[in-house]
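Novice: Assemble chain B onto chain A, guided by the hints.
For the record, the sequence lines run as chains A and B.
In terms of this note's numbering, the first sequence opens at residue 43 and continues consecutively.
In terms of this note's numbering, the second sequence opens at residue 1105 and continues consecutively.
Keep in mind that the hints were calculated from the coordinates and are not lab data.
There may be inaccurate statements among the hints.
[Stated by the list, open to error] Okay, the calculated bits of chain A under chain B, using three or more residues with CB under 8 Å as the criterion:
1. 88 to 94
2. 102 to 113
3. 140 to 150
4. 227 to 235
5. 248 to 261
[As the list claims (entries may be wrong)] Ranges between beta-carbon positions, derived for each pair:
6. B:Ala1130 / A:Gly243: 20 to 28 Å
7. A:Val236 / B:Ala1237: 41 to 49 Å
8. A:Pro148 / B:Asp1137: 22 to 30 Å
9. A:Asp239 / B:Pro1161: 35 to 43 Å
Quick reminder that beta carbons are idealized off the backbone N, C-alpha and C, glycines included.
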Amino acid sequence: MSALAVDLAPCAPRARLRVVPTPTSAAPTMTPMSDHERTTTEPDPAQVAFERVRTGDEAAFAEFYDLIAPVVYGTVVRVLRAPALAEEVTQEVFVELWRTAPRFDPARGAVRSWAATIAHRRAVDRVRSEQSARNREEVDGRRRVTEHDEVVDEVTVRLERERVAAAMEQLSEPQREAVSLAYYGGLTYREVAVRLDVPEGTVKTRIRDGLIKLRHVMGVPT
Amino acid sequence: MSELHDLAAAYALDALDGAERAAFEAHLAGCPDCRREVAELGDTAATLAGAAAQAPPPELKRSIMAAISATPQDVAHADGSGAVAGANVVSLAARRRTTRWLGAAAAAVLAIVAIGVVVGTRSSGVDIDDVYAAGDVRIVTLEGDDTSLRVAWSRELDRVVVDGEALADPGAGNVYELWAIVEDVPVPAGLIEHDGGALSTLLDVDDLDVAAWGVTIEPAGGSETPTPPILYYADVE
Chain A
43 MSALAVDLAP CAPRARLRVV PTPTSAAPTM TPMSDHERTT TEPDPAQVAF
93 ERVRTGDEAA FAEFYDLIAP VVYGTVVRVL RAPALAEEVT QEVFVELWRT
143 APRFDPARGA VRSWAATIAH RRAVDRVRSE QSARNREEVD GRRRVTEHDE
193 VVDEVTVRLE RERVAAAMEQ LSEPQREAVS LAYYGGLTYR EVAVRLDVPE
243 GTVKTRIRDG LIKLRHVMGV PT
Chain B
1105 MSELHDLAAA YALDALDGAE RAAFEAHLAG CPDCRREVAE LGDTAATLAG
1155 AAAQAPPPEL KRSIMAAISA TPQDVAHADG SGAVAGANVV SLAARRRTTR
1205 WLGAAAAAVL AIVAIGVVVG TRSSGVDIDD VYAAGDVRIV TLEGDDTSLR
1255 VAWSRELDRV VVDGEALADP GAGNVYELWA IVEDVPVPAG LIEHDGGALS
1305 TLLDVDDLDV AAWGVTIEPA GGSETPTPPI LYYADVE
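Chain B on its own, in the form it takes in the complex:
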């Protein structure tokens, strides 16, 4: 254990390999001396960046400004509790468009019927592999804070698969719910089973033109409109 202390400077320079870095970060959690040293030396290391300063190509700025325009910012929580038990950090994909469709959901609820039903891993002759093998399959990664989910769907087969690992427990009496955002309105697309952190769920969905996918935590049985925070989200391009 004492040997890890002398890694602080190397850590500050990013000069540890993956295994040592992980071990040292675990050590940091319990070592205020090392945290202090890393903080001080890390600031010093950051000044080394100044010696390499170089103007980037002008077109890079345009590309970056376009990218951030399409990127939702995380939302800070006032306290550290977060909404999901067991999650290290909770952040939201809050963005103008998302906020708008959260509001529109209430108005659309009468017109929307829950279209997704958890059917396990096989549904009317279609199983998860079939979806991935479908000719029109589209796969999107929904970014959460610590983890991500993968959504694969096939309009031909009217099926959606949600894959994920290391998913936090939604809590007793709660369930993850998938939303298909169609013309800015979130449509319930089904409930996602959480089984010790891993999940792989096959849902029946109608043939809808999905613009984005989102996942929230809802009370058991699901909801007809999403309850913030949106834990996972991705636009379909």
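Okay, chain A solo, but in the shape it has when bound:
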């Protein structure tokens, strides 16, 4: 197994993807964070489209964009809470997905997960560099979904949103709160601890337990 360590800082040392070495592989092949195989009966169309993107197929990238853009943009705008900036970061994410596509190893995992991981990391790095500490305390980490135009969103996008929201309901309130503040609020666990006025160790535990619970509830394959 290998994990992907991503170090992103748009304005400083440029983004670099580094595969953490495993005993069997030293190849600089990018992998997403898990090496699970998709267990659904049909392949994710985004995964199928991305296979062609890896060969430079721009039309395939357009298809891929249509399928993945709501998750990427939605995550970015949720964390950044600034639509113009979110567009800019979304573009950076997709340019990175395009640029690094040939090095993506499809056997090692889902491009959808990979794209979401990049999007979240870039959004968090951007929000931390853009906001002062004072502003960051105003972050709304509540699980409530941001307002949006229902008419524009497709059914599948809404269903996915509801599926995750329902899974989050299975967490305890403290777990859900800690996970939300960290993930959607872009806070570090230390900042979450300050915000909730609990010890850092408590936050780390809530985050870990919450994610494990979520993983179990959502049936994320191993």
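Specialist: Okay, now just chain B, sitting in the frame of chain A:
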């Protein structure tokens, strides 16, 4: 050290600050348990993105499609060795246009004379600061895989400065060479000294209309046509 294990979940949520993130990533390199946990929790975290899904503005797609049209894709190596000793990852800025000018180079070699000569940091009264201070200076960042180089050039002064840090050793008997791409033909623009990773080189160049800059590794003394892979590259807009 044991304390770092309990950062895995926070790491998966991008909830570590810069210093802790760097420390944890260093830890990951030697900890299979943490790698496994990060992989599993990271996938779970990625599903959280689904709850935030929201259709982007339509015009964003046009902007992105235009951007990727102008962006070269990395090229995967069959093995992990790469061409440059010491580089973590080697990727190429391989693109249709680049490939074309690599091919054209052979035909143009007779017409092209090496125009760049390493002259150290001062050349005929012009030094590096002068180039940056020139009225017509243009600065371009050449993107490599792990690092980037900065090229600053002034047509008035006929000088190019190449700046870089943390550059991998090109290897014994090799040298970095700068190429000025002029009308799709790469023109040798000089050899770049590598001095323990940092470099800052001043080159004499003719007054050419440069469309792009590239850097390759060549045998000592340089070449008249570039040897793939192209390690650093940028178009001049």
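Novice: Each hint should be assessed against the structure and marked as holding or not.
Specialist: Hints, one by one, checked against the model:
no.	hint	verdict
1	88 to 94	violated (count 0)
2	102 to 113	holds (count 7)
3	140 to 150	holds (count 6)
4	227 to 235	holds (count 6)
5	248 to 261	holds (count 7)
6	B:Ala1130 / A:Gly243: 20 to 28 Å	holds, 22 Å
7	A:Val236 / B:Ala1237: 41 to 49 Å	holds, 47 Å
8	A:Pro148 / B:Asp1137: 22 to 30 Å	holds, 26 Å
9	A:Asp239 / B:Pro1161: 35 to 43 Å	holds, 39 Å
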